[in-house]
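Chains as they are written, first to last, in the numbering used here: chain W, 4 to 104; chain G, 608 to 965.
Hints listed in this document are in silico derivations from the structure and should not be mistaken for laboratory results.
There's no promise every hint is true.
Said to hold, decoys possible - Once the Cα atoms are required to be at most 27 Å apart in a straight line, the calculated DSSO-like pairs of lysine-lysine come out as:
1. K843(G) to K89(W)
2. K89(W) to K60(W)
3. K873(G) to K32(W)
4. K93(W) to K826(G)
5. K89(W) to K945(G)
6. K32(W) to K650(G)
7. K848(G) to K32(W)
8. K865(G) to K93(W)
9. K843(G) to K76(W)
10. K93(W) to K714(G)
11. K945(G) to K19(W)
12. K850(G) to K76(W)
Claimed, not checked - Beta-carbon label-pair distances, calculated as ranges:
13. P85(W) to N919(G): 55 to 63 Å
14. N882(G) to Y34(W): 35 to 43 Å
15. H649(G) to S35(W): 44 to 52 Å
16. V678(G) to W73(W): 27 to 35 Å
In this text, all values refer to a predicted model and were calculated from it rather than measured experimentally.
Even glycine gets a Cβ: it sits at the ideal position worked out from N, Cα and C.
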Amino acid sequence: MTIIILALNYYFQLPKGDYLEISHGNEIKHYSLFQNKILIFDEIEVEINMGKARIKKSNCANQYCIMQGWISKINHSVVCIPNLFKISIKSKMLSYDSTNY
Amino acid sequence: MKSNILVKKMLAKRLSKLLFKYFSIFLLLLINSCSNSNFYEHKVLIYGTILEFKFYDTNHDQANQAINQIVDKLNDLNKKFHPWEKSLISEFNQTHQINNCDQDFIKIIEIAKNYENITHSKFNPAIGKLIEIWGFHEDVIKGQVPHEEEINTILLTQPSLNQLLITDHSISTDNLSLKIDLGGMIKGLALDIAKQTYQDMGIKNVLTNFGGNIYAHGKPDNRLWEVAIQNPHNNKLLLAKLKMPPGSAIGTSGDYEKYFIHNHQKYSHLINPKNGQAFSSYSSATVLINPNENDVGIKSDIFSKPLYFSENLLETSKSLQLNHFFTTDHKNHIFISKSFADEIIWLFNEGDFIVEVI
């Protein structure tokens with residue numbers, strides 16, 4: 004129980020992202036998360052809704068990517084393996100390896 | 608009976624979907640933790656400066672071996688080049704003659720001399736005495752402003768490493784105002800030592816940060832190493848972010864790390880070799896050195912200094928063959944080269960800075 008509470012606490016403390024990274028085949032594209040938008044990539048439809056995103060439609064057989072639902076926290080991803088498609092929540096501020104000063 | 612079977616089937620289907628959902632979340636977490644374990648980070652404090660490593664996909668024993676080798680070499684550098692504590696250089700700075708230099712020592716002096724000439728003495732490792740009279744050759748900065756006369760007496764002798772008589776084992780000079788301080792290139796030299804160590808050991812991917820100067824060796828996974836650049840006017844904020852090509856190095860010189868304030872004027876440890884003053888119209892200068900150049904680390908450290916004191920950024924950058932650079936001034940302007948502007952992502956709040964592409 005304690006572990007579950009700690010895990011939930013950790014999850015809710017995770018910062019939210021500010022842009023969506025979409026990796027489609029060899030291409031990587033970035034979109035602001037702070038908009039309401041439907042993006043269409045061949046057979047896949049991605050929905051962005053003010054800070055969160057999900058794969059809304061896909062032509063894949065099992066629809067597992069759609070079952071993942073909405074994501075909004077930094078570094079959380081949804082993958083559609085048959086389509087080699089991935090959406091990830093990113094932050095301009097927080098994703099870097101080191102600081103130059 | 609039939610409807611009962613249907614309900615059971617539906618329930619089973621729902622349950623399996625639910626189980627799959629949690630199983631896939633578990634799998635994702637597992638993948639995440641695995642990818643995290645591909646990184647191995649380590650920090651070492653070496654002569655008051657943080658040396659930070661971030662290895663990707665490297666055997667931990669091999670990484671530790673590399674770290675130990677690098678730290679040993681840097682400790683050796685410290686013993687030779689510390690400008691005021693007991694070292695070969697501090698001995699030279701007292702006596703102006705030392706006879707027990709080894710080959711590596713002479714080689715580093717020659718490198719420093721070469722870069723003094725390349726930068727037309729805008730990086731000048733022979734002005735240790737100027738740095739000393741400004742009070743930056745002490746562990747605790749007192750905040751003393753030297754008399755103009757004192758500065759001018761030193762400037763009149765035009766201290767330069769070209770005034771050294773260098774043999775295989777000794778260096779000496781007739782200029783008693785010449786004191787050597789390699790502080791402007793030692794962090795960069797450390798990065799080049801790290802680079803050589805990784806190459807010798809066959810280590811492919813590691814990011815090395817020595818006191819803010821960064822060398823990107825290889826890249827992690829299917830992305831590039833990404834670094835943030837600190838806001839020179841507020842160390843709690845970030846100014847920008849950029850992706851570092853494998854083999855590149857980045858360095859910043861600024862007035863915000865080591866300085867004192869006297870009569871509302873900020874004096875930094877960076878001394879202008881041309882006029883002996885401890886301030887500039889810029890608050891910082893950042894350079895990114897491309898991978899295919901030699902001495903990437905040294906250049907990332909040295910080349911930010913002529914830009915920091917530059918009176919004409921385009922001219923200075925051209926003479927150093929620099930394509931990726933920017934400076935910030937005290938009025939919140941950023942002057943950035945075209946090639947760098949295309950690659951950098953600004954992180955400051957709207958209105959905090961005005962960016963001018965030059």
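> Which of the listed hints are broken here?
Replying inline: 1, 3, 5, 6, 8, 10, 11, 14, 15, 16
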